[in-house]
Each structure stands twice: as structure tokens, then as C-alpha cells.
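2 protein chains.
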Amino acid sequence: MPADEFDTIRTLFAPLAGEGARGLIDDVGMLGDVIVTTDAIVEGVHFLPDDPIDTIAKKALRVNLSDIAAKGARPIGVLLTLIWPKHRDAAEIATFARGFGEDLRAYDVPLLGGDTTSTPGALTVSITAFGKPLGARAPSRADARAGEHVWVTGVIGDAWLGLRSLTAAPDIIGAIADARTDAHARLVRDAYRLPAPPMAFAEAIAKYASASMDVSDGLVIDAAKLAHASNVAIRIDAEAIPLSGAGHAYLEKRGYAGLADLITGGDDYQALFTAPPEARGVIMQAARESGTNVALIGDVSEGAGVRVIGAGGVEVPIANAGHSHKLGR
Amino acid sequence: MPADEFDTIRTLFAPLAGEGARGLIDDVGMLGDVIVTTDAIVEGVHFLPDDPIDTIAKKALRVNLSDIAAKGARPIGVLLTLIWPKHRDAAEIATFARGFGEDLRAYDVPLLGGDTTSTPGALTVSITAFGKPLGARAPSRADARAGEHVWVTGVIGDAWLGLRSLTAAPDIIGAIADARTDAHARLVRDAYRLPAPPMAFAEAIAKYASASMDVSDGLVIDAAKLAHASNVAIRIDAEAIPLSGAGHAYLEKRGYAGLADLITGGDDYQALFTAPPEARGVIMQAARESGTNVALIGDVSEGAGVRVIGAGGVEVPIANAGHSHKLGR
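As they're listed, the protein sequences go chains A and B.
Under the working numbering, the first residue of the first sequence carries the number 118, and numbering increases by one thereafter.
Under the working numbering, the first residue of the second sequence carries the number 118, and numbering increases by one thereafter.
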């Protein structure tokens with residue numbers, strides 16, 4: 118699908134949106150004072166057919182929890198819809214359930230119900246998650262104001278490196294991770310299979326964020342969605358984007374073309390948020406106290422669109438703003 | 118999958134169930150005082166690849182609304198996850214949205230959000246629906262008591278006839294519907310594609326039902342689930358099962374073997390409930406006032422299992438208690 122397909126979808130479904138749907142432009146809806154969100158992951162789209170089944174279960178949960186955390190909320194329940202291929206060994210379902218259960222306990226979130234069905238097609242896990250806002254409001258995409266800072270949690274690009282290292286030819290793998298260190302390869306594969314949404318930082322987002330959303334389709338396209346919804350421009354400082362050791366190794370080999378890969382690859386499942394400049398100190402303190410990696414990566418101004426600015430003020434060219442695994446958000 | 122697979126699934130996921138999940142034995146969960154339910158429909162499993170796309174949208178909604186109605190509740194919102202095949206014409210999405218919108222308006226339920234993604238596999242529509250109980254409680258499957266009556270709304274078996282008439286060879290179609298009347302064929306195909314959940318009767322269910330659930334996998338297997346959850350036996354009077362003209366025509370040709378087809382075929386999306394005998398009069402009055410077809414089909418006793426009793430007290434043999442499109446409920 119073309120990269121702007123999500124606009125088409127939004128145009129089609131937005132007129133159907135009820136009160137609480139935030140016009141379908143946000144990641145979540147509101148049911149009274151409860152946040153509701155739903156995200157499905159599909160074999161061959163969001164995970165690989167030979168990914169371990171327990172990590173598939175955990176990824177399905179975590180991609181939903183990242184929406185809850187990005188809205189400054191605490192998860193209070195999930196529904197699980199498991200759509201199992203007719204020709205896949207049903208014995209694996211036990212391993213799926215075990216992995217899912219481990220994560221439910223780790224994130225302290227109860228399973229409220231669900232559905233299971235067979236499919237002639239791809240393994241699909243659809244989850245609905247409920248969250249209780251930790252503050253008076255749940256920040257939307259549309260709440261950014263000119264003059265604010267732009268922040269992101271975690272590191273960006275490792276999941277894309279992991280996907281590439283799992284699917285690309287061996288000679289490409291050498292360029293992706295530092296071949297001297299298997300640790301890099303393991304780390305980025307884990308990042309792809311097991312995203313780590315910033316749950317511990319949700320309370321700080323509730324307190325200090327103006328606009329907030331999760332980064333799932335790629336930092337640049339998600340920043341563009343936030344900018345569009347808020348009717349502002351966003352400038353991202355290329356040097357400030359948080360990368361892992363593997364990410365830095367890739368950047369050393371590929372330069373800004375490599376950076377463009379990392380910030381458009383998607384599957385990060387971190388939080389992207391804006392906050393007034395005066396909140397800088399308390400945000401950094403909350404990051405330390407919660408053990409969360411939080412980086413100040415840019416700022417908001419009047420205007421439209423997203424620019425990524427490298428050393429010397431040169432704009433980093435972004436050929437493909439985000440990967441198109443989704444028809445829309 | 119074997120017919121008892123749903124027990125296996127329940128065993129695997131039940132230990133993960135939180136408070137509000139009703140031990141996963143019910144169709145729905147509770148989030149505070151809000152009913153939450155989720156059901157997915159899959160191409161080639163719950164609908165046919167060449168079913169009109171607007172009826173697929175409506176069916177996805179209605180199979181969820183039947184759970185809400187069966188719990189004596191009013192729908193207050195839905196989330197839509199649309200998983201669209203990569204090779205299916207994206208232009209059809211507009212028709213899907215139009216049909217979905219028509220039904221949202223018809224049932225007066227707001228869209229709160231959702232997710233859209235592509236798939237290399239089958240078209241899949243996963244919906245989460247929220248309901249507000251119209252009474253003090255939402256009847257579960259486990260609330261039937263010996264001595265109560267068993268009731269069902271709507272007619273049973275038309276959806277199965279419709280599926281057969283859409284998929285079977287022409288010589289079989291003659292046996293299914295009365296070949297003299299195209300009206301029968303149209304009616305049963307509509308029943309398969311567009312279930313009509315008993316929304317207008319939800320208030321009566323809230324008032325008078327002890328146990329209640331929707332009939333989706335087949336009258337007999339769903340009655341067996343209700344009996345099992347309530348730890349009771351259910352006797353169904355074969356002559357009392359509500360059939361349409363097409364159903365009666367099929368029964369005339371096939372006898373009790375035909376009846377077994379109709380009551381195990383599934384896809385009815387009606388409500389099956391129990392109530393004390395003294396509620397018989399008010400239930401029949403509520404049926405008239407709400408314009409709902411409601412039939413008294415049997416009774417509850419001590420014991421276990423479901424028996425269907427025909428003329429002269431002969432038990433109707435049921436070879437296959439329910440069709441196995443689901444891995445479980």
C-alpha cells in the first residue's frame with residue numbers, strides 16, 4: 118500500500134467515529150474514563166513465521182501496552198483473539214499460552230476474555246487493551262504546541278536491525294551488526310521480537326507530556342502524524358536520536374543513509390511525546406527514577422511536517438518516511 | 118479441530134483469567150460494570166470469499182452484538198480491527214466502510230477506534246464490543262437451575278441452510294430449500310450473511326433470564342455449554358424448535374436427520390436463555406411487544422448433557438453436536 122494509505126482509511130472511517138473515538142486520529146479511544154486500544158499482529162507482516170511462538174504472544178501484548186504507556190496510563194485488562202492457522206501444530210498453543218501468561222504476570226494485567234478461531238491464512242493475534250489514565254487526561258496526538266520539546270523513550274532502530282538480521286542475506290548481515298560481536302545480533306533480534314514498552318515512564322508522561330503517542334510505524338512517520346494532528350512542525354536533531362551500540366555500529370558503516378533506515382524502520386514501540394521546555398528537568402529526573410532511557414530529540418514550531426537535521430544543519434534525506442506494514446492507524 | 122478442542126483452549130487460558138473474566142467460560146468479560154466481548158470472523162471460516170463486502174462488515178458487527186443482546190445489555194461502543202489481504206482490491210474498503218457505517222447507525226452504536234493492517238492470508242475482521250447491562254446483572258452461562266424453561270429467540274438453522282445453498286452442488290440445493298420458491302433460497306442466504314441478533318429483546322433477557330448466551334456454534338453444542346457451565350441437564354423438544362418455512366421444507370424432505378443438520382449448523386446468532394416457569398407469561402408478552410420471535414423449546418433438570426426429544430419421546434440422534442469453525446469460545 119502507498120505510504121499515505123492511512124489517510125484514505127481515516128477518511129473512510131472517520132465519519133463513523135463516535136464520541137470517545139477522538140475522530141480516529143488518535144491511537145486510542147475513550148470509553149468513559151477508560152482508555153481502549155486495539156492492535157493486531159499478523160504472521161509475515163509484524164512477525165516472522167519462524168519467530169518463537171512464546172515471543173509472538175508477548176509481542177502481541179506489548180504492542181498494545183505501548184499505546185497504554187504512551188497515553189500516560191496503567192493497563193487494567195486485555196482481551197485476546199487468537200486466530201490460529203489450520204495447518205499449524207495446535208500443540209504450540211500451549212507454548213503460546215505459557216508465554217502470554219508470563220507477560221500478563223510481568224506487566225500485572227488481567228486477561229478479561231477473548232476469542233479463538235481457525236484460519237486458512239496467517240497466524241493473527243488481535244488484542245484489545247484497557248488502561249486507566251494516571252493523570253487527569255490522556256495526552257492525544259493533537260496536543261503539541263510550538264516551542265515545546267520533543268522526546269522519545271528507549272532506543273530507536275534496533276527492531277529494524279533485528280528484522281533485517283533475521284531476514285537478510287549473510288553479506289548484508291555483516292553490514293548491519295558489528296560482525297565481531299554476536300551480542301549485537303542477539304540484542305537487535307530480541308528488540309524485534311520482544312519490544313519493551315516504557316511502562317515505568319507512563320506516570321511521567323501523564324504528568325508532563327502535552328502530546329504523546331507510541332512509535333510503531335517508524336520515528337519519522339509517527340512524528341509526522343503527531344505534527345499533522347497538532348498542526349505544527351517538528352524538527353528532529355539527528356545526533357540526539359537514541360541508538361544502541363548496534364545502531365551506532367550500523368551508522369558508522371552506512372552514515373546518514375543508515376540513520377534513515379533506523380528512523381523509518383518501525384516496530385520500536387516506544388513513546389514519542391512533547392512537553393514544555395520548563396519540564397526538561399523533571400522529565401530527566403523521572404527518567405532516572407524510573408530507569409527509563411528518555412532522550413530530548415528535537416522541538417516543535419509553527420508550520421507543518423518533520424525535518425531531521427544532521428551535523429552542520431544539513432537535512433537528512435528521508436526517502437521512505439515509514440514502512441507500510443499497516444494500511445493505516 | 119476436534120469438537121472438544123474448546124475445552125483444551127479453556128484449560129490453557131483459564132489460569133490466566135483475571136477478575137472480571139468469569140473464568141473464561143462465559144462469552145463476555147466485565148470491565149467494572151461494562152460488558153466486553155470480542156469475536157473475529159475469518160474468510161473461508163465464518164464467511165465466504167465471494168460474500169458481498171458490505172455484508173461481511175455487517176456480519177462482523179452483528180456476531181458481536183448478539184453477545185451483547187444475549188447478556189441483556191445495550192451496545193455502547195465498538196472497536197474495529199480490519200485485516201485486509203494484500204491481494205484484495207483496496208477499493209473495496211470503501212464499500213466495507215459504507216456497510217459498516219449503515220449498521221452502526223441502524224444499531225445506534227458508536228465506533229470508538231480500531232486498527233487496520235494488511236495480511237498475506239485471509240480477510241479477517243476482529244471486533245470488540247462494549248455493552249451496558251439493562252438490568253442489575255448480566256446473566257452468565259452458569260446461572261441455569263433445574264426446573265427452569267429453556268428459550269431461544271429467532272429461528273434456528275436458516276444460516277446453515279444458507280451456507281449450504283451457497284456452497285453445495287445444485288442437486289443438493291434442491292433438497293435444501295423448496296425449489297419451487299426462490300424466496301426460500303434468498304431468505305436463508307440472507308440469514309447466513311446478515312444475522313439478526315435479538316437487540317429488541319435484550320431488556321426482557323435482563324429482566325427475566327437466569328442463564329443466557331448467544332447461539333453461534335449450533336443450538337445443541339451451545340446448549341451443552343450452558344448445561345455444562347450450570348452443571349445441569351437440558352432437554353430440548355424437537356417439535357418446539359423454531360424453524361422458518363425453508364427449515365420446515367428441509368425437515369419434510371430429510372426428517373430428523375435434517376433437523377440434526379439445522380440444530381448443529383451454527384451461525385444463528387440468537388439468544389438461548391433459561392427462566393423460571395412463572396416468567397413464561399411475561400416473556401411471551403415481552404416477545405410480542407418487542408416484535409421478537411421467542412420460543413419455549415425445553416427445560417432444565419438435574420443431571421448433565423443435552424437431549425433432543427422428538428415425537429413419541431424418541432431421542433433425536435445427533436452425530437456431530439456443533440460445527441467446529443472455532444477452536445474454542
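Read the hints as simulated data drawn from the structure, not as lab findings.
Keep in mind it's a predicted model, so treat the numbers as computed, not measured.
For glycine and all other residues, C-beta sits at the position ideal for the given N, C-alpha and C.
The reader is advised that the hints may include incorrect statements.
Label pairs and their in silico Cβ distance ranges [to be verified]:
#1 G372(A) / T284(B): 56 to 64 Å
#2 E219(A) / K249(B): 31 to 39 Å
#3 A207(B) / P132(A): 48 to 56 Å
#4 G264(A) / D225(B): 37 to 45 Å
#5 E219(B) / R303(A): 32 to 40 Å
#6 T128(A) / L165(B): 24 to 32 Å
#7 K249(A) / T128(B): 47 to 55 Å
#8 E406(A) / D206(B): 26 to 34 Å
Cross-check of the supplied hints:
1. Restraint check, G372(A) to T284(B): a C-beta distance of roughly 58 Å satisfies the suggested window 56 to 64 Å.
2. Separated by about 34 Å at the C-beta atoms, E219(A) and K249(B) satisfy the suggested range of 31 to 39 Å.
3. Between A207(B) and P132(A) the Cβ separation comes to about 18 Å, which falls outside the hinted range of 48 to 56 Å.
4. A hinted range of 37 to 45 Å holds for the C-beta pair G264(A) and D225(B), which are about 43 Å apart.
5. Checked against the hint of 32 to 40 Å, the pair E219(B) and R303(A) fails, with Cβ atoms roughly 51 Å apart.
6. For the hinted restraint 24 to 32 Å between T128(A) and L165(B), the CB-CB distance of approximately 29 Å keeps it satisfied.
7. The hinted window of 47 to 55 Å between K249(A) and T128(B) is violated, with their beta carbons roughly 30 Å apart.
8. Evaluation of the 26 to 34 Å hint for E406(A) and D206(B) yields a failure: the beta carbon distance comes to about 52 Å.
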